[in-house]
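Student: Sequence:
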Amino acid sequence: MELIWYLLGIACYALALVAVVYPILPGGIFHAAAALMFALGYGFSDIGVVYWVIQAVIAVLLFVIDYAANYYGIQRSGGTKYGIWGSLIGLVVGPFIIPVAGILIGALAGAVIGELIGGQKSWKQLGKIGVGSVGGFVASVVIKGGILLVNAIYIIIILV
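160 is the number that this note's numbering gives the last residue of the sequence shown; the numbers go up by one with no jumps.
I should point out that these hints are in silico values taken from the structure, not numbers from a laboratory. Being a predicted model, the structure only gives us computed values, none of them experimental.
Cross-link-like lysine-lysine pairs, in silico, DSS-like; alpha carbons within 27 Å at most: (1) 81 with 128; (2) 81 with 124; (3) 121 with 81.
Computed beta-carbon distance windows for the label pairs: (4) 56 with 156: 18 to 26 Å; (5) 52 with 7: 15 to 23 Å; (6) 123 with 101: 20 to 28 Å; (7) 157 with 3: 15 to 23 Å; (8) 99 with 52: 33 to 41 Å.
For every residue, glycine included, the Cβ atom is placed at its ideal position computed from N, Cα and C.
All chains, full assembly: derive it from the sequences and hints.
Tutor: Written as structure tokens, this is what we have:
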């Protein structure tokens, strides 16, 4: 039975890693499910409080980093809430329209369209905001990916 829990945990963790790039997937939920599956396989009584605190913090961070990095990238480039919302919508819709590349194009186009709706008129500023949106997304991918990879090493060390 342990093997089944570990395999389910690995599958959930793999989905959490995919969610790093595809924000439409709930990475925090998949991460939490993986932590639970690993604990079921290892045995709850043998896992300490530190494990649960670390896993809970990571699950929350996976949700927060997506929004915060996008927000920071757009705000730093002079964007407004229209650009932020447009970028978030573009990140979700983009991959459905253009698989893989639609994520970056969706973030950029969403931010630009959002700012156009908000009244931004300068094409130079719109381009800067779009690039800021993509930069925020790339930063979130790097940060979340790094957190999950370090956590995977931690889980392997404590469970093996």
